[in-house]
Each structure stands twice: as structure tokens, then as C-alpha cells.
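Novice: Mind the numbering: the sequence shown is residues 1 to 59 in my numbering, read in order.
There may be inaccurate statements among the hints.
Said to hold, decoys possible - Here are the simulated distance ranges between beta carbons:
| # | residue 1 | residue 2 | range |
| --- | --- | --- | --- |
| 1 | N28 | A2 | 16 to 24 Å |
| 2 | V4 | R25 | 16 to 24 Å |
| 3 | M1 | N28 | 28 to 36 Å |
| 4 | D44 | A2 | 27 to 35 Å |
| 5 | D44 | L18 | 26 to 34 Å |
| 6 | L24 | A2 | 18 to 26 Å |
| 7 | I32 | M1 | 18 to 26 Å |
| 8 | V48 | V4 | 17 to 25 Å |
| 9 | I32 | L11 | 16 to 24 Å |
| 10 | W49 | N15 | 13 to 21 Å |
| 11 | L18 | G47 | 19 to 27 Å |
| 12 | L16 | V48 | 28 to 36 Å |
These aren't lab readings, by the way, just hints derived from the structure by calculation. We treat Cβ as the ideally placed atom computed from N, Cα and C, and that holds for glycine.
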Amino acid sequence: MAEVIQCPGCLQWLNLELGEARVLRSINSDEILYKCKKCGAYFDEDGVWEIVSFKGAGR
Numbered sequence: 001m002a003e004v005i006q007c008p009g010c011l012q013w014l015n016l017e018l019g020e021a022r023v024l025r026s027i028n029s030d031e032i033l034y035k036c037k038k039c040g041a042y043f044d045e046d047g048v049w050e051i052v053s054f055k056g057a058g059r
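Start from the sequences and build out the full structure, keeping to the hints where you can.
Specialist: Written out as C-alpha cells, the structure is:
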């Protein structure tokens with residue numbers, strides 16, 4: 001079964017096995033961050049997020 005997570009920025013379900021989200025690991029802690037490849041939001045496993053940029057929708 002595929003591992004999926006929901007992006008709190010665009011609310012899309014992202015399949016990690018298909019590379020729809022990039023997994024970023026912190027060097028100094030055990031925290032795992034994700035970057036949504038659809039909207040550009042960075043977020044952690046708890047859904048705490050920061051929008052860095054959005055891709056234009058339908059343009």
C-alpha cells in the first residue's frame with residue numbers, strides 16, 4: 001500500500017512513492033519536512049506548514 005500524505009497548502013493527497021512530495025530531513029533533529037511538488041508548500045508530519053510559493057493554477 002502506498003504512503004500518502006495530505007498537503008495543508010493545496011489539500012491534495014500526495015503519494016510519496018510517486019515522488020509527488022519531496023522528503024527533507026533535518027540534520028540536527030529527527031524532524032522530517034515535506035515539500036509539495038504541486039503548490040510548493042513546506043510542512044511537517046503534524047501538518048504545520050509555511051507557504052513558500054504557489055504555482056499558478058490554470059495558466
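Novice: Holds or violated: the 16 to 24 Å window for the beta-carbon distance between N28 and A2?
Specialist: violated (30 Å)
Novice: Measuring from beta carbon to beta carbon, are D44 and A2 in 27 to 35 Å?
Specialist: violated (20 Å)
Novice: I want to verify a distance hint. Is the separation of the beta carbons of V4 and R25 within 16 to 24 Å?
Specialist: holds (19 Å)
Novice: May I ask you to test the hint 19 to 27 Å on the CB atoms belonging to L18 and G47?
Specialist: Holds, since L18 and G47 (Cβ atoms, about 20 Å apart) stay within the stated range.
Novice: Falls inside 13 to 21 Å, the C-beta gap from W49 to N15?
Specialist: Check passed, 18 Å falls within 13 to 21 Å.
Novice: Range first: 18 to 26 Å. Now tell me if the beta carbons of I32 and M1 are that far apart.
Specialist: holds (19 Å)
Novice: Determine whether the Cβ-Cβ distance between V48 and V4 falls within the hinted range of 17 to 25 Å.
Specialist: holds (18 Å)
Novice: I want to verify a distance hint. Is the separation of the beta carbons of D44 and L18 within 26 to 34 Å?
Specialist: Hint violated: Cβ distance 21 Å, outside 26 to 34 Å.
Novice: Quick one: are M1 and N28 within 28 to 36 Å, going by C-beta?
Specialist: Since the Cβ atoms of M1 and N28 sit about 32 Å apart, the hinted range of 28 to 36 Å holds.
Novice: Is it true that the C-beta distance of I32 to L11 lies inside 16 to 24 Å, as the hint says?
Specialist: holds (20 Å)
Novice: That 28 to 36 Å hint for L16 and V48 (C-beta), does it hold up?
Specialist: Given range 28 to 36 Å: violated, Cβ gap about 18 Å.
Novice: Assuming the hint says 18 to 26 Å, is it satisfied by the Cβ distance from L24 to A2 or not?
Specialist: holds (20 Å)
Hint violations for this structure: numbers 1, 4, 5, 12, all remaining hints satisfied.
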